[in-house]
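Place chain E on chain P using the hints.
Order-wise, the sequence lines are chains P and E.
Counting with this note's numbering, you get residues 32 to 363 for the letters of the first sequence.
Counting with this note's numbering, you get residues 80 to 646 for the letters of the second sequence.
There could be a bad hint or two in this list.
As the list claims (entries may be wrong) - From the structure, some residues in chain P lie toward chain E, with a derived Cβ separation under 7 Å:
id	residue
1	N68
2	L268
3	R280
4	R357
Stated by the list, open to error - Taking CB as the label site, the calculated pair distances span:
id	chain 1	residue 1	chain 2	residue 2	range
5	P	K169	E	R97	23 to 31 Å
6	P	P285	E	H533	25 to 33 Å
7	E	N456	P	R163	33 to 41 Å
8	E	L468	P	I346	50 to 58 Å
9	P	I177	E	L468	54 to 62 Å
It should be emphasised that the hints constitute simulated quantities derived from the structure, not laboratory data.
Note that CB positions come from ideal geometry on N, CA and C, so glycine has one too.
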Amino acid sequence: MAPLLLEGSMFYFILNRLAQSLLVMAVVSAISFSLFNFVGDPVNNMVGQDATREQRIEIRQQLGLDDPILVQYQRFMLNVAQGDFGLSYRIKQPVSQLILERLPATLELVFASAVIAVLTGIVLGVYTGIRRYSWVSKIIMSVSLIGVSLPTFIIGIGLIYLFAVHLRWLPSSGRAGVIELGGWKTSLLTIDGWRSIILPAVTLSLFQLTMILRLVRAEMLEVMRSDYIKFARARGLANRAIHFGHALRNTLVPVITIIGLNIGGLIAYSVITETVFQWPGTGLMFIQAVDFVDVPIMAAYLIFVALLFVVINLIVDILYFVVDPRIRRGGS
Amino acid sequence: MTNLLEINNLSVDFPSRRGQVSAVKKVSIGVAKGEVLGLVGESGAGKSTVGNSVINLLEPPGHISGGKIIFDGVRIDQLSNEEMRKIRGAKIGTIFQDPQTSLNPLMTIGKQLSETLIETLRISGASAREKSIELLKSVGIPYPETRLDAYPHQFSGGMRQRVVIALALAGDPDLIIADEPTTALDVSIQKQILDLIKSLCKQRNLGVIIVTHDIGVIAEIADRVAVMYNGQLVEQGKVIQVLQKPKHDYTKSLISAVPSGDQKLNRFTVVDYIDGSEEKVAMKNVGDHWLSKNKTSKTHDTAVLVKNLSIEFSIKKALFRKNRIFLKAVDDVSIEIKTGESFGLVGESGSGKSTLARLIAGLYKPKSGDIQIFGHNVLQKSEKTKTSLIRRKMQMIFQDPYSSLNSRMTVEDIVSEPIRFHRSTGNAIETAKVVQDLISFVGMPSTSLKKYPHEFSGGQRQRISIARALASRPEILICDEPTSALDVSVQANILNLLKDLQEELNLTMLFISHDLPVIRQMCDRVAVMQNGRICEIAETDKLFDDPKHEYSKHLLGLMPRMDLFRL
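Chain P extracted, bound-state conformation (with noise of 0.2 Å):
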C-alpha cells in the first residue's frame, strides 16, 4: 500500500483538488459579493419611490451597507457559508429557499439531458468510428452538423412547432405532472411529467450529443489506427472485443473530460432551453432576476453554477483514476 500522502495515491490526488476547489470558490464569491456594489444601489430597489430619507437610512443601517467594505464581505461570506444567500430583493423571500424550491427542475432536466447526450453520443459515435464509409454513419454525420450549427432556442421553437404545435403529441411549455417526493418535487413518476421534459431536455442534449458524438468517433478512427488494436487483430481477437474490449475503453478518457466540461455547460446553456420551454426552474429564475435586478438572486445564482461545476471537474478527476492506471502511478 503506498503512504497517504504520497502523490499518486487517490487521497492525496482529491484533497489536492479540492484546495483547487476552494480557491475558485473564493473568487467567484469574491465575484458575486462585488455584484451589490456595483449594480446599482440596493436600497433603491428595494424601497418605493416615495420612502423618506429616514427611512432609507433605516434600511441602510439594517443591511449594514455603512459598514467598511470588508467586514461586509466577511459578513456575506459567514452568510454564505451557513445557505443563508438574504432576501430576494422583488419576492422579499429567502434565496435559498427559492433556488431549493426551483433546484429540482432544473437538475431533472440537466440530467435527462446528460443521459440522452452522452448515450446517444457513444452510441453514434462508436458506430460511426467503425463503420466509417457506411451510408448509415454518412447521414448521422451530415446531421449531426444541424446539432452543432444551430441555436438552442431555433432547435427548441422548432420542435415546439413539429411536436406541440403540429402534431400535437408534447406540450409546448411548462413542467406537469410534479409529485413531492420528501421535499423534492419531481416530475420523472408522472406520464405528464415525463411528457413534459421530452422536449426541453432533447433540445438542451443537441448540441452536447453531438460535441460527444464526434468527439468519440474522433477518438474512435485515431485509437484503432494505433500498434495495440493492429496486435490485437494480429493474436486473433474477434472484432467485439477489439472494438468494445481495447479500442472503446481508451478513447474514454478524453471523452469523459468533455462530458464533465460539458454537464457544466448544460446548466449554463439550461438558461435559454428553460426561458424558451417556460420550464420552472433556477435557469428561468436567474433571467426573470435579471430583469428586475434581483442582485441576491444573481449572486447566488453565480455561486450555485460555479458549485455545480466545481463538484462535476472533482467527479471528473476521480473518474480518470478509475479509468486510466497510468494517473494511478503504483510503483513500476
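Chain E only, in chain P's frame:
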C-alpha cells in the same frame, strides 16, 4: 521437406491518386519449421508489407494483386476475414516493433494474455490464468504470478517486448512473424530478445520470419536471409553465404555501409547502388565565407568545460521531502571538450547522455556544478547578455528529423530564421545568398528552398536541420543521435557530411550515440556513461582496443559481430 510457409510470386499494390504503387513485386520466399528467415532491406523496401500480407493485415487500400501464400499446405491469401482471424494468433503469431505501443495501456497484461488464450485455445478463465503464468515464465519474466496484474507501463521496454512475445506465443502458433522486434530496444536488451526468439524457435520447432533493416540482427539470429530492395527480392540464401559472398550489387553495398567497429576508416562507405543517394558536397574554401567570420574560438583551447555537474528529476512528489524520490539523471559529471575536437558520448537509454547534452545546451538548469563555454561561466546570472552571445555559438541537431522541423514553414524560412533573428547579415539580399550557400553546403539543390519539410525524406530533412544549425554560425555542434532514425545508406551520407563540415569549419562537436561503430568512426575521444555517471573517458582507439572499465567492456562485447562475415 515442404516448407511451413511458402510465398510464391507475391505482389502487393497500393492504389493512389497518381496510379498504382507496387510495394511488393513478385517475391517468392519460404520458411521451414525450426528455421529463422531474415528479411532485410531499407525503409520502403516492402519487407513489412510482405509480413503484413501473410496475416492479411495490409493497411487499406493495399491489397494482394498476384501470387500465392501457402501455409501448412493450405492457400491462405484468399480466405475470408473470419477464416483468416482464426489463423491469426492460433497458427501465425506476430511481434511488432514498438513494445511501448503494441500493448493496450488500460488493461493488465494478465487480462490481455487470458483474453487471447480464451479466444485462440478455447479454454476456461481459470486454466487461462495458469497458462499465462507458464507463458510469462517461458519468456523469462520473473515473478509471473504477481506480474500478471501489472499494467504495461509498469514494465521496462525489454520486459514489455517479452510480454509481446508471450502474447504472440499464446495461441501456440507454428509460425512467428517478428517485424523489427528489437529496433526500439537498447543493444544489451536486443541481444537478450534475439536469443529468446532463437531459443523459442528451436524448442518449439517454430518457423520464424524476422523483418529488419539491421544486418547486425540478421548476422546474430537468422539461418537464411532474403534481401529486398524497392519491392523486389534481390538475393536469398544461407546467412554466411549472403553476408560473405553477396552476389547482388545492392547486398554488397548494404553490407559495406554498416560502420565497422574494429578499425577507424577515413570516411564511411556509401551505398552507391541507390541512385543519387550521395549528393556531392560543394564546399571548398569556406574560410572566406560568411560562415567562418565572427569566430571567438581561436583564443580558447577548451570549448566546453563541465565541472561536477548534477541534475535530478523528481519521479515521486510528496508533501514532505523525505518521502520524495529523485532520479539522478546526471550525477557529478566532469568533462572537458577541446576546441575543434569531436567528443563522443556513449551509453544505453536512460544513462543520462541526452540530459547531459541538454544541460550543456542550456535546455535544463543543473542542480549543482559549473559549465564553462569558451572560458565563460554560462550559469552565472550576472552576465546574461554575454551568456546569450556565447550560447548562440552552440547549436543542436536532434534525433528525429520528422518532428524537429516546423512543417508549416518553407525550407528557406526554416534556414533563414536564425539569421533574421540574430540580424547577422547586412540585408535581405545577403540573407538569401547565405541561405543558398548553406543549402548547397549540405548537399541539397537550391530548388528545395521553396518546398516544405514533408516533401523530403528522412535523410534530406536531417540535412535541412544541419543547414539550420549552421545558420547561427555555431562553433560547437551538439548532435543527439543524429542518424539513429535513418537507414544505413543514408546514415553514411549524413555522417560524412558532418565530418566534412567539422573539418572545413573547425567545429567542436559533441556527438551522442548508442551506436558504438558510429562513435568509433566519428570521434576523437569518447566518454562512456551509465546511470548518470561517467565510467571512462579515453581516446577512441584506446577505448575500443583496450577498455578499462567493466561497463565499457560489457558494452563493447555487445557490438554485433559483423567481422565474422567480412572478408
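Going back to the hint list, which numbers does this structure go against?
-> 1, 7
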